[in-house]
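Visitor: Since each chain comes alone in its own frame, lean on the hints to assemble the complex.
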Amino acid sequence: MGMLTMSKEKILEVKNLKQHFDTGGKTTIKAVDGISFDIYKGETFGLVGESGCGKSTTGRTIIRLYDATDGEVIFKGENVHGKKSKKELKSFNQNMQMIFQDPYASLNPRMTVREIVAEGIHIHGLIKDEAAITKRVHELLETVGLNKEHASRFPHEFSGGQRQRIGIARALAVDPEFIIADEPISALDVSIQAQVVNLLKDLQKQHDLTYLFIAHDLSMVKYISDRIAVMYAGRIVELADSDELYKNPMHPYTKSLLSAIPLPDPDYERNRRRITYDPSQYESSEHASFREIKEGHWVLCTDKQFAKLQASI
Amino acid sequence: MSPVLEVKNLHVHFETYGGTVQAVRGVNFELNEGETLAIVGESGSGKSVTSKSLMGLIPRPNGKIVEGEILFENQDLAKLKEKELQKMRGKDISMIFQDPMTSLNPTMKVGKQIMEVLMLHQKLSKKEAKKRAIELLDLVGIPFPDKRVDQYPHQFSGGMRQRVVIAIALACNPKVLIADEPTTALDVTIQAQILELMKDIQKKMNTSIIFITHDLGVVANVADRVAVMYAGKIVEIGTVDDIFYNPKHPYTWGLIGSMPTVDSQEEKLYAIPGTPPDLLYPPKGDAFALRSNYALAIDFEEAPPMFKISDTHSAATWLLHEDAPNIEPPKAVKLRMEGMAKGAGGDMNGDVNNE
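Protein chains in written order, with numbering that gives the first Met the number 0: chain A, 0 to 312; chain B, 0 to 354.
In isolation and in its complexed conformation, chain B is listed as follows (with noise of 0.2 Å):
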């Protein structure tokens, strides 16, 4: 498989009153065709400034990627003019936003704002662009489309309104499409159903999607590979089994140790204690060295490489030097992965078949 996106080194800046801040700080990954690629991090990990910088979207002048390719087909988006951008946004790259309230313009039909993506990039006569809004809007699963097409945002609910943004976004037929939280602003029940319909549209369209969100469990239920960024690094990356079942960052630990299961019985949750680095001076070193119980001398001084664990799977960690001590992950994850291999949650299923 050859993918269809690569960023390399990519590093982002913003310059503000207090100094630079240093988003992204040499991102690397590829896109498969095809798969959905999940970011996971806390609120400033720069996994939003990363996706954004792939639709040419950093706020100018302050943002700026300062360093690294984003290769698309044979060209490197970091260089491309706003103008080529405008081309490529929507047609072959789009986006869906976490807040389907704000991302639609309230004052005009639905209908028109499918419309407007078809008629400027496909050039559609109105009439095709209205009959093909019509189609996307039942692909979306939206009841009546022929009627809802002339309704207005504020007519639809929470959940449909998402199902028209991700319309919008698909009206192109991209090759990929980047999904910034998506569900986080909608209940459980309309989140699932949500993640149906894009794992759904992915298989009929083939569609390569970036799906960044914090909700582990959401990661595990969409992602065929997922991403941890910590700090404005990838520090560590893999499948979902991988991740899941063999984490091997300290942070990934924490990650997955401070999200109760249905079944955890542990008294506490594992916290990581403390808050992430300020990146107008990002820490030397590993930067979640401060916070980790299992920073080793030479976290405080370098920043540790990628060290590979398998074909699918790396993290940026010195544990995994040949020299580091053998550490164990905490107790409370280990049991989180043990009671997980095993099935965990399988009795709820089981009372639900016989309904």
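Just chain A, with the same shape it has in the complex (with noise of 0.2 Å):
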């Protein structure tokens, strides 16, 4: 739906990036390794995986809250990795914020919500003035869909999905332009997650918002995603327009991981036609590598695999 309206300007972009954790000793775990992509303004570009995959470290190492091993995160013409000046590094934290899974863990608990929103605020300087920060914080709270008698609250006071509303207003505070939502609704209930995915939707809209949004539930993210890239074992495995992935999954194990989600349907629950992935069927020895099969669509592939693939579109 973002397609038609989105200008092709290209807000981040992932060149080759590998992370790599020593675990002691000999072993090295290759959480991302060596993973490209570009993300346009305006739009959802989601994230999705199994756990385990590299999804969530993906998003942390963007945000420079890991040293990347290697490759490139270039952030509105700017490498996010790499030294960098106090100055150059303040205003990258301003542009890029972070909405947690965890809303009862990414809130300080000893904080009343007027200082867990202003903090950036202070911290960036954007107001200075005591009086409009308390303002501007009501405002916020407002556009989050709670109400400023709520700012001299702590967090234990809230629900699940106020707490995340609070951490969406944290992030909206210094008026960032990329946001990484990292499973932001998995751990509210059915009917929480609707009004929590409602809103980022009219965030977006009004802020001119660009999301990454990493998740494990692929009928929301299909949802609200423009664009979606399947990780698997710390690769991108398929990256494709939301629905062109869903209606044409090309990759083996997208089709697996597809064929997996339970939908809330029962007759097509009752003909499910489960496949699953075998590695050791589909990854050989060969070289695989990134490759678009058609515009827009992009494939893991080997030589072999991408001729069949061609062949067969």
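The set of hints was computed from the structure by calculation and includes no laboratory data.
One or more hints might be untrue.
Calculated pairs, DSSO-like style, for lysine-lysine (alpha carbon to alpha carbon, straight line, at most 30 Å) [what the hints assert, rightly or not]:
(1) A/246 to B/198
(2) A/204 to B/333
(3) B/146 to A/25
(4) B/202 to A/254
(5) A/29 to A/83
(6) A/40 to B/267
(7) B/7 to B/202
(8) B/283 to A/147
(9) B/267 to A/246
(10) A/40 to A/14
(11) A/9 to A/82
So the derived label-pair ranges between C-beta atoms look like this [stated by the list, open to error]:
(12) B/104 to A/25: 29 to 35 Å
(13) B/307 to A/147: 43 to 49 Å
(14) B/100 to A/147: 38 to 44 Å
(15) B/149 to A/22: 25 to 31 Å
(16) B/279 to A/9: 51 to 57 Å
(17) A/147 to B/273: 15 to 21 Å
(18) A/108 to B/86: 43 to 49 Å
(19) A/86 to B/273: 42 to 48 Å
(20) B/267 to A/22: 40 to 46 Å
(21) B/301 to A/108: 40 to 46 Å
(22) B/134 to A/152: 52 to 58 Å
Residues from chain A that keep clear of chain B, each with C-beta distances beyond 10 Å, as calculated [as the list claims (entries may be wrong)]:
(23) 87
(24) 151
(25) 152
(26) 203
(27) 243
(28) 310
Cβ atoms here follow ideal geometry from the backbone N, Cα and C, with glycine treated the same way.
Guide: Structure follows, in structure tokens:
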């Protein structure tokens, strides 16, 4: 839906990003192992995969919570990693914000809502006058569907959905252009999930935001994203427009993932045929690279597989 | 079909510092032989408390079944003493919990954890119990069961651990199996495997299953019948087709509407406004009225009774009263129902088949 109106300006470029963790001894965990993608301004880019596939590590590396092992992240034309002056770092931190999965763990229990939301405003010196800050906090709370009476309360007084709204208000406080939402709704009840997703969509329109939406719930990701990348074992195996990915999945892992989602439709469930992904059948010693099969639809494949996929369209 | 288990007017209360929490407020249902009854609802709706009372697992003295009967094989489980309950737990009724990481003992070999149940309830010798444990591990699809039986839980992945938990639950061939969000902690592909396993085993052993979940996709997959719970009551109960294709309660509409399907194109999800009520002070009348766009004046005064829609389907909403205005479900939900009826997602299957 966003694709038509979206300008094709790249806001983020990820090039051959690697994030390896030493686990002591000789073993390294290759959590992210050479992934590349671009995110365009104003779109929602969904990153899906199962636990341990590296999707959260990708998000955290992009926002500099980890130093990348190798590769580049270019945000608005500038390299995110590497040495930066305090000023550069500040401006980066202001432009890119994050919303976390667990609304219980991500808010400081000893701070009031006003302090939590205003912290970024203070750090970046966006508003100096305390009264004006209070006014801005009240505005933000209203934007996310809370009200100004909530400002003096502490996180424990709120439900999970309300806490997630506080987390969103905090992210918005510094006027970012790009928000990484790492499983922002997985900890919430179904009816509350819909509220938060609707809110994120509204905010995107009002504030011209770009989202990197990380999740494992594929139906929600499909609903919110313009394009989706599927991750498996540290690599992106497929990337396409969200409709295209669901209608025409090409990589066997994507197919197995799609066939495993239970849908709220008894008839469909009775006739479900699940396919399983067997890496040993598909992955060979041959080098696999990320290639465009048709416009905008990329698949991780070897030369042979590439030829076969091209023949199939 | 005569019911295996019958719950009548169950009320469970918890004493807290703040007052009495009325977690379950008059729940009625029957469980038939060999069927799967799914109980759906949000956190705090009383679905887990209901299932725990069947097992006598309500923490005492704070929690208490204050009213109601749980009829199982001519006895009322609500009135049994702890000793009698212990004889029944794991033998006649057993339970699978949400988190396979915490429901196994990390310091005990998995084989021994299965053998414990067998030696206690079926008085098997150690040797017999081990043999049976290996058979059970095989039944739940764990490869190399004769080797795995001597391993510890940390040597198993999440999905494999949940298989072990299922093996323990099934060890004595129980008549009723209660599964409390058994796949919520698992990845989708693993979830699909565990659901398939549970269905397979149910066919083989004719177990009746109570399946507690908040995921409507999972419900559509496993359930024969569905009970929708809200604020400590069942607001709608029926066959899985009744609930998904012909829902009558506004809360059920909200649940179905708030989940996007893979085909949904709507700009906005149908979200239920607000949050569930605090059961310290349960609202007068219909507990959902405050969040419902379809509330009638009477909803704020008097709780609706269960209205019968068909032999299999009933719902507690005044909208079904003969004097109530004729109200259609919200557009998003209607579209969803129509879209589903014509077999949504079919194209995905088609694609997959020629792989």
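Visitor: Now tell me, hint by hint, if it's right for this structure.
Guide: These are the hints, each one checked on the structure:
1. Under the criterion of a C-alpha separation no larger than 30 Å, the hint pairing residue 246 of chain A with residue 198 of chain B is consistent with the structure, at around 29 Å.
2. At roughly 27 Å between alpha-carbon atoms, residue 204 of chain A and residue 333 of chain B fall within 30 Å of each other, so this suggested pair holds.
3. Distance hint between residue 146 of chain B and residue 25 of chain A is fulfilled; the C-alpha atoms sit about 28 Å from each other, no more than 30 Å.
4. With a C-alpha separation of about 28 Å, the suggested pair residue 202 of chain B and residue 254 of chain A falls inside the 30 Å cut-off, and the hint holds.
5. Taking the CA atoms of residue 29 of chain A and residue 83 of chain A, the gap is about 26 Å. The hint holds against a cut of 30 Å.
6. Distance restraint check for residue 40 of chain A and residue 267 of chain B: the Cα-Cα separation of roughly 22 Å lies within the 30 Å cut-off, and the hinted pair is therefore satisfied.
7. With a C-alpha separation of about 28 Å, the suggested pair residue 7 of chain B and residue 202 of chain B falls inside the 30 Å cut-off, and the hint holds.
8. Between residue 283 of chain B and residue 147 of chain A, the direct Cα distance comes to roughly 29 Å. Compliance with the 30 Å bound is thereby established for this hinted pair.
9. The suggested pairing of residue 267 of chain B with residue 246 of chain A holds, with an alpha-carbon distance near 21 Å, which does not exceed 30 Å.
10. With a C-alpha separation of about 17 Å, the suggested pairing of residue 40 of chain A with residue 14 of chain A holds against the 30 Å cut-off.
11. The suggested pairing of residue 9 of chain A with residue 82 of chain A holds, with an alpha-carbon distance near 23 Å, which does not exceed 30 Å.
12. Distance hint for residue 104 of chain B and residue 25 of chain A: a CB-CB separation of about 33 Å, consistent with the stated range 29 to 35 Å.
13. Checked against the hint of 43 to 49 Å, the pair residue 307 of chain B and residue 147 of chain A passes, with Cβ atoms roughly 48 Å apart.
14. Residue 100 of chain B and residue 147 of chain A have their C-beta atoms about 41 Å apart, which keeps the hinted 38 to 44 Å range intact.
15. The hinted window of 25 to 31 Å between residue 149 of chain B and residue 22 of chain A holds, with their beta carbons roughly 26 Å apart.
16. For the pair residue 279 of chain B and residue 9 of chain A, the beta carbons lie near 52 Å from each other, so the given range of 51 to 57 Å is met.
17. Distance hint check for residue 147 of chain A and residue 273 of chain B: the Cβ-Cβ separation is about 19 Å, which falls inside the suggested range of 15 to 21 Å.
18. The hint said 43 to 49 Å for the Cβ distance between residue 108 of chain A and residue 86 of chain B, and at roughly 44 Å that hint holds.
19. Distance hint for residue 86 of chain A and residue 273 of chain B: a CB-CB separation of about 44 Å, consistent with the stated range 42 to 48 Å.
20. Distance hint for residue 267 of chain B and residue 22 of chain A: a CB-CB separation of about 45 Å, consistent with the stated range 40 to 46 Å.
21. Our hint of 40 to 46 Å for residue 301 of chain B and residue 108 of chain A holds, since their Cβ atoms are close to 41 Å apart.
22. In this structure the hint that residue 134 of chain B and residue 152 of chain A lie 52 to 58 Å apart at CB holds, the actual value being about 56 Å.
23. Listed as a non-interface residue, residue 87 of chain A keeps its Cβ farther than 10 Å from every Cβ of chain B; the least gap is roughly 38 Å.
24. Separation of residue 151 of chain A from chain B is adequate, the least Cβ-Cβ distance of about 20 Å exceeding the 10 Å criterion.
25. Non-interface call for residue 152 of chain A relative to chain B: holds, since the shortest CB-CB distance, roughly 15 Å, exceeds 10 Å.
26. Every CB of chain B lies more than 10 Å from the CB of residue 203 of chain A, the least distance being 12 Å, so the non-interface label holds.
27. The beta carbon of residue 243 of chain A is kept farther than 10 Å from every beta carbon of chain B, the shortest such distance being approximately 12 Å.
28. For residue 310 of chain A, the shortest C-beta to C-beta distance to chain B comes to about 14 Å, beyond the 10 Å cut-off, and the non-interface label holds.
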